[in-house]
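Q: The primary structure of each chain is shown beneath.
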Amino acid sequence: MTKVGGQKDHPVPRAIFPNKVLPYLLLAPQLAITAIFFYWPASQALYQSMLREDPFGLSTQFVGLANFRHVLADPNYLHSFQVTIIFAVATAVFAMVPALYLAVMADKVVRGRGIYRTLLIWPYAVAPAIAGMLWLFLFNPSIGTIAVMLRSLGISWDPLLNGPQAMILVVAAAAWKQISYNFLFFVAGLQAIPKSLVEAASIDGAGETKRFWTIIFPLLAPTSFFLLVINTVYAFFDTFGIIHAVTGGGPGKATETLVYKVYNDGFVNLILGESAAQSVILMVIVIALTAVQFRYVERRVHYG
Amino acid sequence: MATLDLKNVRKVYAGAVEAVKKVDLAIPDGALCVLVGPSGCGKSTLLRMIAGLESITEGEIVIDGRVVNDLGPAERDIAMVFQNYALYPHMSVYDNMAYGLRNRRMAKPEIDRRVREAAATLELAHLLARRPRELSGGQRQRVAMGRAIVRNPKVFLFDEPLSNLDAKLRGQMRVEIKNLQRSLGVTSVYVTHDQLEAMTLADILVVMNGGNVEQIGAPLEIYEKPASLFVASFIGAPPMNLLALKPGEGRPVLVDGTTIGGEGLSFSKEAATLGIRPENLFLVTGDSNGSRPDATLDIVVQAIEPVGAESFIYGDAGKERLVIRVAGKTVVEPGAKIRVGANAADLHIFDEAGKRI
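Chains as they are written, first to last, in numbering that gives the first Met the number 0: chain A, 0 to 303; chain B, 0 to 356.
Honestly, the hints are just simulated from the structure, not real lab data.
As the structure is a computational prediction, the values presented were derived from the model and not from experiment.
It is possible that some hints are incorrect.
[To be verified] With a straight-line cut-off of 25 Å between C-alpha atoms, the simulated DSS-like cross-links for lysine-lysine are:
| hint | chain 1 | residue 1 | chain 2 | residue 2 |
| --- | --- | --- | --- | --- |
| 1 | B | Lys153 | A | Lys209 |
| 2 | B | Lys318 | B | Lys354 |
| 3 | B | Lys336 | B | Lys318 |
| 4 | A | Lys209 | B | Lys107 |
| 5 | B | Lys245 | B | Lys328 |
| 6 | B | Lys224 | B | Lys268 |
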């Protein structure tokens, strides 16, 4: 066996700058961008979350944690939390399961493998709002082609009035867009599984289904877990465009996720303080999810 | 316990690449057959065809009297040890060995008995709860062997199982595999590119090159009577000395005109190459009248390689480079002119096409 790496024996030499100011100058642009576009808005949100402001910005009052108390006690907010969880879980499941299925199938293709893969990755390049519009058109109760089909099957399809149906629609749009991304990772994950393992299993008398569940699926676990975190984060924060285009959070508040509620309360209802408090809560959730992810990636199970 | 027969087996890949050309081979019950050849010679493809991992383009593979061409790998009752061991990384050693038995719905106590028995044979009993990544290379190799023997199959297939081990362990495992195979008496096919491994393990040695079988036989028989130039140069280390002869002479005259000394040496007119193993050459000193070599050649010593028990002398005769193996240390110095001799019985003659005459 060859010895790989050996970083301890040959550490990467440290760059030494003769000028003490130069390194800071080189870092400055990146630091400035981080400060201006990340830390400053975040600190503003934190600051505003403790203020009560009228919509015209004429009077401002410091209220401490009152906004948070109010938000967390608000049944609408808790409902939105519930909606988000349902939305996130459904999106993750419907984005990952078909992606895994497609990846396994694409892995079996011998001829034209590259073409299949490329075509399956394309949807990822579609902008969220466009994807949303596409689904909106297809499922529009009055002009959508699929809506017509559904109605001819006896389903009274009306996502504009029916909350669960609206949820199905946004989940479908959000999951559809993410399938490509997941597909890419699953394909890579499948390729990393040595072919001889699958061959050994088939000599060991495992049929195709059994091989998948006892060998391939367990070995894909690291990829699957990584994607679960990524998809959850995506469903939580990156689906604003889709929801905005498809349902606008409606009907009622059936598809109003936490991110959408931040926008609604802040920019539509102009309840600035509470909106800021909500975004601070979201920030905490992102930090928690990211921490889980990083912890996991660092301790990632390395088989073999 | 079974025989394994290959009848006119051929493999052609899409794009008309002929990986295996018409192989005929009969392996008797309990024999260890080694397929040896350089990489790309088709030996692994042939093994994978026996395993059922590659389709058979033409011909028949018969295990224990039953044609298995259309059977899946699981139904052929074979077990295979892979080059990278192919252990299931997420399963313990125990589960790795039990997997194949569970898939065959064997009763739990029987599985347990077999796994523990195999583990005891292979000295793995204390490692059963470990994962493959917690094992050394040699231990992983044993687990791969264990996974094969618990199944008690008709045929064992080995695909270069020792090539991932270091030289010392390789020698050790080679002996273990040989002993295990002999004590179990399971018909086996073993693929390797290492001619030493092939020579020491084989009951039947099959030398392959470019999809063809060059020679089939007992290892020493092949060593002593290589059927072709390829076999002569592939089997044996250091390889056989091969000297190009001047065509149509019928006498030992090298291409550059040097005549090999000796009386009564005459070859067929087709002789194109003269082969002589390094250990069959000996130094001829001027005053030795005892044994007269049948052939002699004058060479200029270029280098000496003392390895302890023996030494290798490298020397040039005209454009040809020869290696001579002598016991112990040698007093010859580089630059010296020496005369080497050989007995007629030790000479190998090959024709233009590389076939033995």
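Q: Hint by hint, work out which the structure violates, then give me just those numbers in ascending order.
A: Result: hint 5 breaks, nothing else.
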